[in-house]
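Engineer: Sequence:
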Amino acid sequence: MYARAGERGLRVFDLTTGKELWSYKTSQVSTGPCLADNTVVFGSRDSHIYAFRRNSDTSDAELAWEFQTNGAVACRPAAQSGIVYAGSGDGYVYALNAGSGDLLDKIYVGEPLVAIVPTGRFVLALGNSNIYALSPNG
Numbered sequence: 007m008y009a010r011a012g013e014r015g016l017r018v019f020d021l022t023t024g025k026e027l028w029s030y031k032t033s034q035v036s037t038g039p040c041l042a043d044n045t046v047v048f049g050s051r052d053s054h055i056y057a058f059r060r061n062s063d064t065s066d067a068e069l070a071w072e073f074q075t076n077g078a079v080a081c082r083p084a085a086q087s088g089i090v091y092a093g094s095g096d097g098y099v100y101a102l103n104a105g106s107g108d109l110l111d112k113i114y115v116g117e118p119l120v121a122i123v124p125t126g127r128f129v130l131a132l133g134n135s136n137i138y139a140l141s142p143n144g
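Letter 112 of the sequence shown, counting from 1, is numbered 118 in the numbering used here, and no numbers are missing.
Calculated directly from the structure, the hints in this document are not laboratory data. Every value quoted in this text rests on a predicted model; they were computed, and no experiment measured them.
Label-pair restraints from in silico Cβ distances:
no.: 1; residue 1: Asn44; residue 2: Val123; range: 20 to 28 Å
no.: 2; residue 1: Gly38; residue 2: Glu68; range: 16 to 24 Å
no.: 3; residue 1: Lys25; residue 2: Ala139; range: 36 to 44 Å
no.: 4; residue 1: Thr22; residue 2: Val115; range: 35 to 43 Å
no.: 5; residue 1: Leu21; residue 2: Asp111; range: 31 to 39 Å
no.: 6; residue 1: Gly126; residue 2: Gly38; range: 15 to 23 Å
All C-beta atoms, glycine included, are put in the ideal place defined by N, C-alpha and C.
Can you make the complete structure from the sequences, with help from the hints?
Structural biologist: Here it is as structure tokens:
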């Protein structure tokens, strides 16, 4: 089970025992996590998108990558076909390689997002009721 906890950052719990497995402190986790290629990805008010992978030798997770935007990341990221999509308060939607965090593309939509929904296409619903459908292949 993955949970967010404001100032405490991201905390991950064992579903059976409820015991905390690991946590990561960042200034105000602002989104729920998504799972992309065995990587937990979430956004933060510190303008970063963070990705963690569980270390196969221990029960701990380690930072796999982080990506900085120019605004708070308040919308939960979504993943499809090895690409993580995340919206930022800077008005951009970022398409990142799920494995490396490398920027694949960024699309200007002009305002923060409310939701990103993978449907074979990514449908991005914005606060002023605009809806953008973006194809993973451009």
